[in-house]
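Student: Can you make the complete structure from the sequences, with help from the hints?
For reference, the chains in residue letters:
Protein chains: 2
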Amino acid sequence: MQDKKILPRKVTGFWELEPEQELVFENIIQKIKNVFLRHAFLPLDTPVMEYSEILLAKSGGEIDKQIYRFEKGSTDACLRYDFTVPLARYVAMKEGELTFPFKRFQIGKVYRGERPQKGRYREFYQCDADIIGNENLSLVADAECISLYEDIFNELNLDCQVEISNRKILYGVIESIGEANRFQEISTILDKYEKIGEEETLKLLFELNLDNKKCKILLDFIKIKGNFGEINKNLLKLSKNQTLVEGIEELKEVDQHLKNLSVNNYIFNMNIIRGHNYYTGCVFEVFLKDHHNMGAVGGGGRYDNLANYFSSKKLPGVGMSIGLSRLFDILQQTDLINKQNYQNNNVAIIPLGDTLPQCLSLSSKLRKDGISCEVLFNDKSFKSKLKDANKKGVQTVIIVGENELKALKYSVKNMSTGEQNLLTYEEIINLRR
Amino acid sequence: MQDKKILPRKVTGFWELEPEQELVFENIIQKIKNVFLRHAFLPLDTPVMEYSEILLAKSGGEIDKQIYRFEKGSTDACLRYDFTVPLARYVAMKEGELTFPFKRFQIGKVYRGERPQKGRYREFYQCDADIIGNENLSLVADAECISLYEDIFNELNLDCQVEISNRKILYGVIESIGEANRFQEISTILDKYEKIGEEETLKLLFELNLDNKKCKILLDFIKIKGNFGEINKNLLKLSKNQTLVEGIEELKEVDQHLKNLSVNNYIFNMNIIRGHNYYTGCVFEVFLKDHHNMGAVGGGGRYDNLANYFSSKKLPGVGMSIGLSRLFDILQQTDLINKQNYQNNNVAIIPLGDTLPQCLSLSSKLRKDGISCEVLFNDKSFKSKLKDANKKGVQTVIIVGENELKALKYSVKNMSTGEQNLLTYEEIINLRR
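Chains as they are written, first to last, in my numbering: chain A, 1006 to 1438; chain B, 1006 to 1438.
Because the hints were derived from the structure by calculation, they are not lab data.
Every clue listed holds true.
Identical chains blur together in the list; that is why a pair holds if it fits in one copy or across any two.
Here are the simulated lysine to any residue pairs, SDA-like style, with alpha carbons at most 20 Å apart:
id, residue 1, residue 2
1, K1373, I1034
2, K1038, E1027
3, K1099, L1028
4, K1108, K1392
5, K1038, D1374
6, K1038, Q1026
7, K1009, Y1056
8, K1396, L1047
9, K1385, E1140
10, K1038, I1112
11, K1108, D1393
12, K1038, G1113
13, K1077, Q1122
Tutor: Here it is as structure tokens:
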């Protein structure tokens, strides 16, 4: 044994739950997986690393300071920062073999080496589902991705609302005021509207030398929100720009598909911009109902071409994602999940006297009957073991004493009520069913 | 769009399954998880990185060439190469809060930057379960870890055999021939016996200047194998060394606990050495029955002190692990799993004519009734869609035509038999139950 001890600590900003929380978190993941499978999406589990050449293709090889990069021997690789680049790499590699539209989901950890702060992790769970077409892809795909949210949040017993817009409408409005060449700058400002408010937005737009009339159109636009009938009417009042009308037509079709899919919890909201440049059609974000102020817990949209850095084939797609670590944080903060979500259903078996052999056989029998259990086999006193069971949140304790064995029965203690009964094995099994 | 394309390729030696295989693999993981939970182990999901100081504590900070290491800003961290060091770090951090014995499992990827070759990955799945005691830990824990194998392989419909030894017996034998100071060199040679055979083993032992008599004892020892009665008799013939006898006593107790736990598929085998120096008591390996020649698919053992680099508390433990990527490879090579394990149970819904809206409502209804399905909504011909469904391995296709809608029925095609029937929604649901 050595004398100098190293202070045990976790890498700052990395995600690590207590085992009881982890159990709740893994249940959430399992439920989400089930929804994806029900929608006939298949799982893809790409490596945690991609070659730097692949991962940095978008940036022309420039190293983003947020990226964890390794050079080891001849390998120059980075930790993935999202699942979209790995998907693009995968689809480009396999495009000859895949059946399109290709539907895959991926749930796992991604890495961003940013300064850790509240609600921002360097390692966190992300959950993505995408539908990739070959040359073209019906708007049904957009509706299906949006519909996943309602199914997922229903499965989790949570209410959500999806807010939908379309980048063509945004482009059309900006084009209609003659500012198409400054589309990026303007949309970046509008994207902040919710956060910074009207006054600050106006100030930033003025700084771009937009006149009052143009600013008014943009601010009117960003406030348009409602069902399809409402936004259609209000948008057409603003402009009849061709791209804008095209965007409206797309939303109309998506609205129709969503109705056919019995999706209810959605609204159109022109305030949904989505910063990423690669979105080219529908864009959407999802919020927890009654917790809109916590911000979006996921989002996604339509892109023209998934893999243009790796393939000359046109692969349009639409994707939805959920920030799982962020969602879990919000659920804990808002008490939507709490300790009660972790119910320790294990049975603890405590020997009283020399009954360890019988306790072990009992545990084996119970497990074969599908009951999770453990024998408290350590050297502690009976009383300490009861305390341990209590600390672990165990609801049912089975006490195996010599008297009980003679009577072919077990003392079963309900840890909540303190009630204790002498039961046969069959009665225990029935109790747990 | 850019013209120069980057060749899409995966980092060499990293694990990536096709989605259909991934589904089978994830089912295996889920089944293993269920066994751990039934044994009251809780999940722990540590970060993929640990500070280098922590990860390299064992080697005194020396960088192993197999380790992926980053330096980013002030962070000096490595990718985990196993789950034991992260467990030690976690338990040392939380030792005041945990209830001992602490039982946790972890299933995930670990990283070794070795030269990739057949059956050796740089990123692969590992599965560990450990029981950690505080100051002391009953041998019941060893039996419970061993019993996990039988439960897990039963759950996977596979036959396994666990082979068990004890490092104290090995030490005792070597001590009994007066070679205790060369314990490490000798056990390293004996560890290779299975691989290199008797002749080569003898040669290596001779190179250590061991005489004929000593070599004979070691070779007799390494061949001792059987139930407890058999090995007990044969070991005591070799030596009455005190440490050896202590090891036998431990195996006797573990044997008794295993019997009480109704574990059948195990044997004692002195050939099980386990290279790792930190094992101090029972050691074991697990093999697929009828595929012993493929090598162990997992192993583990007892260690005296989990976290001696991080804590002055004595934390003895016992752990079992399964090399999941390796196991999956073997299952595929031996045809124990194959394409048939992936049964595509999704229903494909194909519109015939202008019935897309009705197809979408049908899909939503089916999913609510728990049936996985997808609408083949793309622009292809009806015939191409049938082909796609076939390529995906879909068993059931529902064709929604206008005539069918009038009759309030659906054409249901069995893709294996080609049979097609006109069924009501209720009949479809019943068909799938």
